[in-house]
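S.K.: Each chain, letter by letter, is given below.
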Amino acid sequence: EDKVVQSPLSLVVHEGDTVTLNCSYEVTNFRSLLWYKQEKKAPTFLFMLTSSGIEKKSGRLSSILDKKELFSILNITATQTGDSAVYLCAVGKTSYDKVIFGPGTSLSVIP
Amino acid sequence: NAGVTQTPKFRVLKTGQSMTLLCAQDMNHEYMYWYRQDPGMGLRLIHYSVGEGTTAKGEVPDGYNVSRLKKQNFLLGLESAAPSQTSVYFCASSSPRVRVGELFFGEGSRLTVL
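Sequences listed follow chains X and W, in order. Quick note on this note's numbering: the first sequence kicks off at 10 and runs consecutively. Quick note on this note's numbering: the second sequence kicks off at 313 and runs consecutively.
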């Protein structure tokens with residue numbers, strides 16, 4: 010059975026802190042590792058990683074995938090209150106773009 | 313830019329009633345999905361479709377049916393609602409021609425079953 014696990018499930022930090030969110034997976038027919046951000050409503054796409062050791066960066070956010078150890082991390086530096094959201098890790102499978110999500114990490118950034 | 317539109321956005325049902333959620337996308341995407349989201353459980357795939365006239369089961373299909381008669385629409389039906397189906401439902405679409413694995417979501421439909 011496919012499984013995506015995230016830790017921690019919730020996190021409270023102060024503005025300016027750096028946070029690391031963890032994601033591990035056990036999935037057949039792996040194609041890609043995906044990160045989404047969910048604020049009030051619909052999740053929005055952040056990153057897709059397909060190769061180990063390749064770091065993706067977008068401003069203060071970066072992510073790394075380790076396909077051998079089956080995990081990924083999402084780093085957010087110099088956090089801002091606007092980073093408060095649920096961060097969803099997901100795995101894309103080779104079959105018909107099926108995407109399996111983890112439970113999410115709820116991040117709260119306080120001033 | 314409509315993207316993915318879900319209707320209705322809110323609905324309250326009594327146990328045993330039936331209803332249909334409608335998802336419409338205007339991006340000409342081949343694949344469409346229905347997820348449900350419950351506290352602490354992330355998004356769980358109910359059913360999905362890889363093209364007009366085709367559907368397949370996801371992780372939690374029991375109690376739901378779907379149809380995709382037109383490429384742009386994906387309907388999720390509950391024949392006999394149960395309190396365990398109280399949830400937020402998200403529709404999503406994607407295309408292998410764009411970026412594999414990138415899903416575009418609707419804004420969700422909150423369903424309460426009493």
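Warning: the hint list may mix true and false statements.
What the hints assert, rightly or not - Calculated cross-link-like contacts (lysine-lysine; reagent style DSS-like; alpha-carbon spacing at most 25 Å):
hint, chain 1, residue 1, chain 2, residue 2
1, W, 369, X, 102
2, X, 46, W, 321
3, X, 12, W, 321
Hints listed in this document are in silico derivations from the structure and should not be mistaken for laboratory results. If you're wondering where the values come from, they're calculated on a predicted model, not measured in any experiment.
S.K.: Take the hints in turn and mark each one as holding or not.
M.R.: Going through the hints against the structure:
no.: 1; hint: 369(W) x 102(X); verdict: 15 Å, holds
no.: 2; hint: 46(X) x 321(W); verdict: 21 Å, holds
no.: 3; hint: 12(X) x 321(W); verdict: 29 Å, violated
When held up to the earlier numbered hints, the structure conflicts with hint 3 and nothing else.
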